[in-house]
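Colleague: The chain contents come next:
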Amino acid sequence: MDELWQNSIERLNARRESAKAAGGAERIAKQHSSGKLTARERMEALFDDGTFVELNDQTMSRASDFGMDKKKRIGDGVVTGYGYIHGRVAFASSQDFTVGGGSLGEAQAQRICRAMDKAMEMKAPFISINDSGGARIEEGIDSLTGYADIFYRNTIASGVIPQISVIMGPCAGGACYSPAITDYIFMTDYSQMFITGPAVVKSVTGEVISSADLGGAAVHGSTSGVAHFVYPDDLSCLNGVRELLGYLPQSNLDSTLEVPGVAVDNSAALADIVPADSKKAYDVRDVINSIVDMGSFFEVQPLFARNIVVGFARLDGETIGIIANQSLYMAGSLEINASDKAARFIRFCDSFNIPLLTLVDVPAFLPGSQQEHNGIIRHGAKLLYSYSEATVPKISVIMRKAYGGAYIAMNSKGIGADVVYAWPVAEIAVMGASGAVNIIGKKAIEAAEDPVAKRQELLDDYNEKFMNPYIAAEHGYVDEVILPEETRSKIATAFKMLKTKDKILPYKKHGNIPL
Amino acid sequence: MEEAQIVAMAVACIAEENGVDIDKVVVRSFKKVEKTGLEKFIADNNISYHKYQLGE
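Sequence lines, in order, name chains H and E.
With our numbering, the residue at position 475 of the first sequence is 1677, and numbering never jumps.
With our numbering, the residue at position 3 of the second sequence is 310, and numbering never jumps.
Among the clues, some could well be false.
Okay, derived cross-link-like pairs now, SDA-like style, lysine to any residue, Cα gap no bigger than 20 angstroms in a straight line [unchecked claim]: (1) Lys358/E - Asn1441/H; (2) Lys1705/H - Gly1618/H; (3) Lys1325/H - Asp1467/H; (4) Lys339/E - Ile1211/H; (5) Lys1692/H - Asp1467/H; (6) Lys358/E - Val1461/H; (7) Lys342/E - Gly1303/H; (8) Lys342/E - Ser355/E; (9) Lys1232/H - Gly344/E; (10) Lys358/E - Glu1445/H; (11) Lys347/E - His1234/H; (12) Lys1272/H - Gly1303/H; (13) Lys342/E - Gly1252/H; (14) Lys1656/H - Gly1634/H; (15) Lys358/E - Val1291/H; (16) Lys342/E - Ser1220/H; (17) Lys1232/H - Asp1259/H; (18) Lys338/E - Asn1215/H; (19) Lys1325/H - Tyr1286/H; (20) Lys1703/H - Asp1620/H; (21) Lys1222/H - Lys358/E; (22) Lys342/E - Ile1358/H; (23) Lys1232/H - Ala350/E; (24) Lys342/E - Ala1231/H; (25) Lys1698/H - Met1496/H; (26) Lys1325/H - Ile1358/H; (27) Lys338/E - Gly1252/H; (28) Lys1667/H - Asn1640/H; (29) Lys342/E - Ala1223/H; (30) Lys358/E - Gly1237/H; (31) Lys347/E - Ala1223/H.
Short derived list, chain E residues pointing at chain H, Cβ under 8 angstroms [to be verified]: (32) Val340; (33) Thr343; (34) Gly344; (35) Phe348; (36) Tyr356; (37) Lys358; (38) Tyr359; (39) Leu361; (40) Gly362.
Hints in this document: simulated from the structure, not taken from any laboratory.
A quick note: this is a predicted structure, and the numbers were derived from the prediction, not measured.
Heads up, the beta-carbon is just placed ideally off N, CA and C, and yes, glycines get one too.
Produce the complete structure using the sequences and hints provided.
Modeller: Following this line, the structure appears as structure tokens:
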């Protein structure tokens, strides 16, 4: 090897080392001491062992103003590349907080965009790990344009490839909108997301609030609904991403993986789990776990809008999406947050060809001025719209209550359910007996010699006539009244039949879902 | 164990697997595979970690 070769190799090795050194040992130690992994360590944890391949590792900022000529580093504060997750290719970016606080400038944005473009070309998932102080002020408008380039790509890729955002540090200002556009947001306990931080909030409104209380993981996982999953640390969080991806296809043109599991049919337990008395509550997750492959239920947004449960599971090894009213909270009624939560989940499943199972036990849309004034009409409409628009196989099981508009909204026959089952204790009606008798029997009760006896007579009559699944079955709104112990086998058989479902909606640029 | 011994054992294993006479194997160069950053972090901090695998 001559000297020229030797020099060239040494130069390349030095540049590689410089990229790997990131922000230096001191900053890496600080990152570790705060319980956080470095950008590259996160890639290692995300991908199957030894499969991560870095792209554009020599990226460097072109900026020189405000001392950038001295501050810039090879890699520009982000690591991008591809690797394999469960043997399938995926692309990712991981912001490096040790380099300039992970701030996003022109070159970093370009690097991220190139990886996103590759993910789209390869029809593979894109995972964005966020740990950044925000826009790189020294790069001015080029930094903001970098965000715009990412948001644009997020939007175009939506519904084509699964996009997952992982927040593992600060994510503030405009930077929040990339995660917000993606399909799922994972947060670690020590991460934060907010449009304006506590200092700005205080100066503008006078409100004093901590970062965690303003935009911490606990807040976004339970109150705002911004985060879908919250984990205590980086490693468990990235394991969560791997677990989620196991349920998803690579793209809207792909199918999900078949994962043979333990197909134990616990439907026989359902009559013990669900009280026949529709006023008594139970945990609908016990119902779900009795139906699906053992241990396969993966709940999405478990702490937000807890009156509805959504998540992925496997039935005979194949992914399904589940939407279920949760009687433990608000008696399972639908309100604004539950409608939004379920509608978004349904649309995700429909985008990626994941069949839907709906478990119905719903008394109503939640009444009250708070709901009305905050727009339950337009939010509830999202749920109806999403079910109506979804062309994937859709099966419903009406377990107990299915009243009024909420009955319609929970994947009823009229809005496109392919198969509707009902248990013998199901009550499918405009409203519960008590409310109905108060309205339709008002005059009769008032005119009666014994109003109490008359009311009871009308209640008995209403219960006999309407509080059962048979009128709906007679009229074709329920395909079959089934025993609880038949539930899994009926659902599995129906999904098998529906596998070749090929429904095409009329051509349109896109619908106009009430947002 | 000495580095040379480790290399000799590795060469012997590979030669045996491939049915090659070990006396005819010449090691021209070798590269030590160091622990990755993540492996070091996990080891240094005594973290109990198992990477999630499909179907678990």
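Colleague: So, for every hint listed, does it hold in this structure?
Modeller: Results of checking the hints against the structure:
1. Lys358/E - Asn1441/H: 6 angstroms, holds
2. Lys1705/H - Gly1618/H: 11 angstroms, holds
3. Lys1325/H - Asp1467/H: 35 angstroms, violated
4. Lys339/E - Ile1211/H: Distance ~19 angstroms between Lys339/E and Ile1211/H Cα, so the pair holds.
5. Lys1692/H - Asp1467/H: 11 angstroms, holds
6. Lys358/E - Val1461/H: Roughly 18 angstroms between the alpha carbons, so the hint for Lys358/E and Val1461/H holds.
7. Lys342/E - Gly1303/H: 26 angstroms, violated
8. Lys342/E - Ser355/E: 17 angstroms, holds
9. Lys1232/H - Gly344/E: Since the Cα atoms of Lys1232/H and Gly344/E sit roughly 15 angstroms apart, the hinted pair holds (cutoff 20 angstroms).
10. Lys358/E - Glu1445/H: Holds. Lys358/E to Glu1445/H sits at ~10 angstroms (cutoff 20 angstroms).
11. Lys347/E - His1234/H: 11 angstroms, holds
12. Lys1272/H - Gly1303/H: Cα-Cα ~15 angstroms, so holds.
13. Lys342/E - Gly1252/H: 11 angstroms, holds
14. Lys1656/H - Gly1634/H: Roughly 17 angstroms separates the two Cα atoms, so the pair holds.
15. Lys358/E - Val1291/H: 17 angstroms, holds
16. Lys342/E - Ser1220/H: Satisfied, since the Cα-Cα distance of roughly 19 angstroms is no more than 20 angstroms.
17. Lys1232/H - Asp1259/H: Not OK: Lys1232/H and Asp1259/H at ~23 angstroms, beyond 20 angstroms, violated.
18. Lys338/E - Asn1215/H: 15 angstroms, holds
19. Lys1325/H - Tyr1286/H: 13 angstroms, holds
20. Lys1703/H - Asp1620/H: 10 angstroms, holds
21. Lys1222/H - Lys358/E: At roughly 23 angstroms apart (the allowed maximum being 20 angstroms), Lys358/E and Lys1222/H break the hint.
22. Lys342/E - Ile1358/H: 39 angstroms, violated
23. Lys1232/H - Ala350/E: 17 angstroms, holds
24. Lys342/E - Ala1231/H: 17 angstroms, holds
25. Lys1698/H - Met1496/H: 19 angstroms, holds
26. Lys1325/H - Ile1358/H: 13 angstroms, holds
27. Lys338/E - Gly1252/H: 16 angstroms, holds
28. Lys1667/H - Asn1640/H: Distance ~16 angstroms between Lys1667/H and Asn1640/H Cα, so the pair holds.
29. Lys342/E - Ala1223/H: Cα-Cα ~15 angstroms, so holds.
30. Lys358/E - Gly1237/H: With a Cα-Cα distance of about 18 angstroms, the restraint between Lys358/E and Gly1237/H holds, given a limit of 20 angstroms.
31. Lys347/E - Ala1223/H: Roughly 15 angstroms separates the two Cα atoms, so the pair holds.
32. Val340: 10 angstroms, violated
33. Thr343: Constraint on Thr343/E satisfied, holds at 6 angstroms.
34. Gly344: 5 angstroms, holds
35. Phe348: 6 angstroms, holds
36. Tyr356: 5 angstroms, holds
37. Lys358: 7 angstroms, holds
38. Tyr359: Interface hint status for Tyr359/E: holds (4 angstroms vs cutoff 8 angstroms).
39. Leu361: Holds - the Cβ of Leu361/E comes within 8 angstroms of chain H, reaching about 4 angstroms at its closest.
40. Gly362: 5 angstroms, holds
In summary, the numbered hints that this structure violates are 3, 7, 17, 21, 22 and 32.
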